[in-house]
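K.L.:
With chain A held as given, fit chain B onto it using these hints.
Single-letter residue listing:
There are 2 protein chains.
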Amino acid sequence: MGIVSELNLREDVAKLTERIMNIESVSGNEKALADQVYETLRGLSHLEVHRDGDSIVARTNLGRAQRVVLAGHLDTVPLPHVAGARGTVPATVTDGVLYGRGATDMKGGVAVQLALAAELTGPRFDVTYIFYDHEEVAAEKSGLGRLARNSPQLLQADFAILLEPTNGTVEGGCNGTSRFLVRTTGTAAHSARAWMGENAIHKAAPILVRLASYEPATVDVEGLAYRESMNAVRISGGVAGNVIPDYCEVEVNYRFAPDKNLSDAEAAVRSLFEGFDVERTDGAEGARPGLDQPIAASLVQILGQEPKPKYGWTDVSRFSALGISAVNFGPGDALLAHTDDEHVSQQAIRDCLNTLRLWLTEAN
Amino acid sequence: MGIVSELNLREDVAKLTERIMNIESVSGNEKALADQVYETLRGLSHLEVHRDGDSIVARTNLGRAQRVVLAGHLDTVPLPHVAGARGTVPATVTDGVLYGRGATDMKGGVAVQLALAAELTGPRFDVTYIFYDHEEVAAEKSGLGRLARNSPQLLQADFAILLEPTNGTVEGGCNGTSRFLVRTTGTAAHSARAWMGENAIHKAAPILVRLASYEPATVDVEGLAYRESMNAVRISGGVAGNVIPDYCEVEVNYRFAPDKNLSDAEAAVRSLFEGFDVERTDGAEGARPGLDQPIAASLVQILGQEPKPKYGWTDVSRFSALGISAVNFGPGDALLAHTDDEHVSQQAIRDCLNTLRLWLTEAN
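Protein sequences, first through last, are from chains A and B. Mind the numbering: the first sequence is residues 1 to 364 in UniProt numbering, read in order. Mind the numbering: the second sequence is residues 1 to 364 in UniProt numbering, read in order.
If we strip away everything but chain A, and leave its shape as in the complex, we get:
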């Protein structure tokens, strides 16, 4: 028995957002929503539709000179723990504001993708609509990463837009992120005879002093100011209330501007913590904004707003790694993402749709 599509891609895009918010799709549980998206898009004759697990790629093939990607993830972070919180399913609407899990991150963006996919039978660029799973969990699970491995040809394009929430402005590129363990060791002893040991927590004092006095840089990249940060995100040491600790570990997160690669970032951290044992445990490079390209500039021009740098690491980096310039542009406030008060104004979703429709259909 086939899946019956319940989505009407031609209705008000804010209403469409609400409908897909009501199909719960916490990471790992995207199938029901992916089924709906797949069945609905398969019914559109101007699109070629592919599916890989719970990721769906729909493409026009109009022979245009350029191709753009519109991409968004289907999954959300878990529902709020508080029963009855506004973030739970079903979504609610109050005074033109849509509340619930996925409101900002990013079912509004996904609804805009779906509306454009249905409506634009003859856009001025060929368009690839990508809907993917597992964005909110460990990077190796990402549906976009899986697509890039399994079917890289499906991702090929001249420019990509991720419909992550940017409050309706274009946010270019993103900072890279890296994590390190900075460690001290000592000698355990009973704390009643502390002088027979060496306290590894005390030896960590300079690590915190250097972090506390570190002044993170703001780096200009292609006219956008990327603000960096260097932070202890975790510290642990000690085994018992009467033992001199022989080990202390500080986890440091360095968010670095896209003028640096991962090696540059690691060198900076090793220099800061010179004299300490430093191990890099994680890292993802950022992405340059790519706003110097005409195709990106035309989007910025239609929007009529100054583009901003993106601070958080997003999947624009995956496109960047494939040689495709990418920006973030979507409805909603990124600061509300993952909160129990996640919400988006219905008008913001409609405005995003209107801007992209204009950009994709305006005569060259």
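Don't read these hints as lab results, they were simulated from the structure. The beta carbon of each residue, even a glycine, is placed where N, CA and C say it ideally should be. Honestly, I wouldn't trust all of these hints.
[Unchecked claim] Partial list, derived from the structure: chain B residues whose beta carbon lies under 7 Å from chain A:
#	residue
1	65
2	191
3	193
4	194
5	236
6	253
7	255
8	308
9	311
P.N.:
Okay, now just chain B, sitting in the frame of chain A:
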């Protein structure tokens, strides 16, 4: 059916130690050994024997001018995890050295108590022999504490000796111990926008700096030098690799000389961490050595060795709190206590017995 005593208190005290080491008595499991001790002592007509749970008190009632306590705990820390390690039951003997759990802490001392209890029908002081449970676990479980609450009259004495391991010298009094949580708070934020938060781990830098540069005092009390210590024993902070931590907590253990009470200790710690949130979570006062009393001096004289300060907190403090001067004096090296290599020389046990026999029987 009654318990049949298998202990022969008249045999070589080192052999007696080995026998009671082979009656496993990890804290909470003292009953089998307590039964043996109780049944054996009940058979001695010169002793009045009481039992409270797995604690046993046996007293002479000779109408002497002074009464001394000889006290020791029946329990041990858990057996080593390594199967076949020398600390497991049964005990082993190699070249006159007895290996196994309890060898130093403190079945040698308990054997000396038992041997004296059987042998000395007419000591020069009345003697109270106390064998108690639950010394190696949380203080509120202590059998000695329970006796002090239930039957304080049984503990009354002019002087007390704890047969904890002191390598055969007299160790007077003990340091007090206290624990504190020193806390910082900040503001959580996504680490990609660290400037919207305030890092509680960074704010803990001065706590570690003050600890690292703290110079602990050595305090003379009644001629003994008590070495203090001030240490971070645990640190924790941070919730995730991408969140600016809003909380950091350092657990500090201050071991203080017996010239100070708990209020003095707390004041010192609050002064050191001025400007930080400090909470005292634990505390036990130390004990002055009490070596200025003639009854204690006579023991030191017979031994012919300089007494030393005791650093670790021991149950001498419980006697001190009852107004009874107390010292530690027993066979074995305290540094081996709780290790997988716990051992004691057989001769050290015999020497301890000989010293106490001489002290308890010598004409005034």
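K.L.:
Now look at each hint and say whether the structure bears it out.
P.N.:
Checked hints:
no.	hint	verdict
1	65	36 Å, violated
2	191	5 Å, holds
3	193	5 Å, holds
4	194	4 Å, holds
5	236	5 Å, holds
6	253	5 Å, holds
7	255	6 Å, holds
8	308	12 Å, violated
9	311	5 Å, holds
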